[in-house]
Structures are given as C-alpha cells and as structure tokens.
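A.B. asks: Chains as they are written, first to last, in my numbering: chain A, 1 to 240; chain B, 1 to 240.
These are computed hints drawn from the structure, not numbers from a lab.
Okay, derived cross-link-like pairs now, DMTMM-like style, lysine to aspartate or glutamate, Cα gap no bigger than 20 Å in a straight line:
#1 B/Lys199 x A/Glu189
#2 B/Lys3 x B/Asp22
#3 B/Lys199 x B/Glu189
#4 A/Lys168 x A/Glu139
#5 B/Lys3 x B/Glu139
#6 B/Lys168 x A/Glu189
#7 A/Lys199 x B/Glu174
#8 B/Lys199 x A/Asp171
#9 A/Lys168 x A/Asp134
#10 B/Lys97 x B/Glu236
#11 B/Lys199 x B/Glu215
#12 A/Lys151 x B/Asp152
#13 B/Lys151 x A/Asp152
#14 B/Lys199 x A/Glu174
#15 A/Lys199 x B/Asp171
Take a look at the letters that make up each chain.
2 protein chains.
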Amino acid sequence: MGKPTLYTSLSPALLHLYNVRDCIVVVIDILRATSTIATALYNGAREVIPVDSVEKCIRLGKEMACITAGERDGQIAEGLQYGNSSFEYPREFVQGKILVLTTTNGTKLLHAALAKGATEIITGSFLNFSSVCDHLVQENRNVILACAGWKDKVNIEDTLFAGAVISKLRDSFEINCDASYMSACLYQEGQQNLYDFLKNNNASHYHRLMNFGLEKDIRHCLTLDIASVLPYYINERLVI
Amino acid sequence: MGKPTLYTSLSPALLHLYNVRDCIVVVIDILRATSTIATALYNGAREVIPVDSVEKCIRLGKEMACITAGERDGQIAEGLQYGNSSFEYPREFVQGKILVLTTTNGTKLLHAALAKGATEIITGSFLNFSSVCDHLVQENRNVILACAGWKDKVNIEDTLFAGAVISKLRDSFEINCDASYMSACLYQEGQQNLYDFLKNNNASHYHRLMNFGLEKDIRHCLTLDIASVLPYYINERLVI
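Work out the full structure, taking the sequences as your base and the hints as a guide.
C.D. replies: Structure representation (structure tokens):
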C-alpha cells in the first residue's frame, strides 16, 4: 500500500479540481472563522453552527436560544449579539452553549466539501495545528487542505497554514501537487514570524483587520496550539 | 496620480475575480506555450496562431499553408507536423512563416482575456522577461499577470515567472494582492536556480516533461532574455 495523497486547494473556486470523495477535507479560514471555532469549542461550547448569512443566524438564534455572532465591516452585524473575535468566547461565557456564527468564505467551503461527498470534514487553524496534524497522520487517508481565501481570492494566511501542515507531514503523504509545494515554500519563508510575514507582505486581511484595530486578534490567530481540539463538521454543526 | 495596480491570477479559473477591462494582461505558460511563442517570433515567424484543438490546427493548416504544431502526451499530435519545443523553430526554418500552435491552457487564457475586454494582451516567458518588464513600466497601466497553470490547477513555474516580474517591478505598481506577494516570495526562494527549484519541489510539469526526455526543453524555458520580443495578441494572432 502506498502512502495516502495530499492536495491543497488555494481557493474555494479551485476545490472542484480535486476529488473530494473519500478524502478528509481540512477547511482553513485563519482570519478568523476556523480560529474562532477552535477557541469556542476548546472553551466548552457544545457546538458551533456556521451559517452563510446574518438572516439565517438571527433565525436560528430565535429557534434555538443560542449565541448569535457575526461581523460586517468590523462591526457586530445588526441583529446579532457578538462578533468574530476569539476573545469574546472565554470559557465562563461559552461553556455548554451553542454558538451560531456567520462566516462567508468558511461556511461556503464547509457546504461545498459536504456536497461533494467528503468522508470527513474538519477545521484547521494555528490554534489547533497539532491536533489536526496528529489526526491526519493517524487516519492515514487521502487529505485535501482547503483554503477559504477571501471572496475566492487566495490569501497568504490560509496558504501559510496549509504550508505548515505540509512541512510537518510531507513524509507521511504522497504529494503531487504544485500548490502544496508552493504553500510549504511560503511557510518556510514566513515561519520565523508569521505576524511580521503578513505585515511585510502586505496581506489583505492583515490590513483589513488592522483597520478595525484588531492587531491582538491577528496575533492570537497565529499562535500555535492554544486551543487543541479537533472540530468535526457533522450534520451542519461543528463539534469535538 | 497614483501608481497603476498589479494583480496576479494564479489559475485561469480565478481570472474572473479580476477586472480585466482596461488592463494589460500578461499570459504566462512557461512550459511551454509562451516560451515557444517567444522563440518562434524571435526567430522571425510572421505570426503564431494559438488554437485550442488539434482539429482546428489541422483545418487552419490546410486553409493557410502554414506550419501546424502541437503535442499530446509528449508526441506530435496525429495530423500535425511539429511539436511544442522551441528547438524545432530555428530561424532557418520558421522565418517568414505562420505557425499554428495547439495549446490548451494558454489558448484558453488568451481567449478569456480577449472576451473580458483586456486593453492589451501580451505573452510572457523567461525568454522574453525583460521585454515584458520594460513594456509594463513604460505603459504605466494596470496589469494582470495571468498564469495558465495546468487544467486550472496552479503551477510552480508560471507562479515563479509572475514572482520574477513582481520582484523587478514592485516599486512601479500599487500591489494589493496576496497572490502577487506569494508569487514574489516563491521567486525569492527559487531564483538562485529555477531548474533545481522545480526539481526539488516536485513540480508536476517538471515530471511530465522529464518523462518525455525533455530536460533540455525545461532548461531552455527557464533561461532569461534569449528571445527578447514582445508578442501581442491581436486578431487572435500573436505578432511582434
């Protein structure tokens, strides 16, 4: 038996090029959906329900008496209670609760992976990096690293995370995928200081979040293994 | 007046994300379409007509009494006369002639850029690197670097070329584009030895062409400024 394969999709608009069926798909949306998801579940949230619109978030919030969260242009979206920052979800607040989170890029990708028949869908962030890597090695199945990007454009931080995974796991997988090697190369360049790398390379999300005064959020989302959980996407919910 | 903008599309499947209208689009298909185009025109070909199928190539060849060229799986395609290698098009053979060349990825992108209303479409390769760069600086217009990739997947060599252009021209353009910075970063890593970089990063085209015994072609296509022309795509033909 050969090694399982690993591919990287740098944008949701490229996911259709990969055979998602019978694969583990790792959804990556570093700033900030999959980081917030890891934090909320690590801090004891019962489940996180990702939805693609504020309207759906409000509706589910009413139906299920749960926390509703989401931002538009750096502000809590009208009709919702909380924002997208990990810092809003400490254990004393979120434990035992259901969090409905509006995300655009990440949710789209979760739905797409599900629709295409992925065997398993998990979410990855630097906060739960080692949990993801350990799981992928243990499962010994084909893997697709799926970057959420930003409105279908590729972005540096999601690619860096893919590169970090590949740099760690390249010996466990057969990798015939230029995007994967490009990601690993980017991570080689940036790993010394991910924050400075985003800043020095003029990363679009870096600027967007800095404009909202969210340097602390960016730094948090680039921190390794401070929320060591493995979020599974099952029945349209994320649970551990 | 601010600087003109520069964006990089890493795959034809991402080109729709960029506003091609009123831009110069640089089509990049390093292995080997845009390298062969530069060589043939440099060696005096009257024009190169890129087409997307062998059938169309055969038809045009009959109508226009021109050279027909194209490969499938490393062999000259049935019904055509020549292959995709620059080495088949020395001056003594190609001068004054019309070359009809079947390419899949490159032609698709040329058509797409034209359909979307690009102001100007040119082709880039390492062989005509400085001609492209000098032109882009002189024109002082918005630029999109459009990588042909392989069947809509991103590839290392086209991204490296985009990165080479960006590394040289970054001060002349306003660049708010993660893909551009990722490309420049890849080029920083690879520029010392592009051939070894493709080899060491297991580039898919490197393997495909090596399997056909085409190391010499790969090395040729990675050589700077040995065919200093500027091919324009006008009336569905490439001319200088």
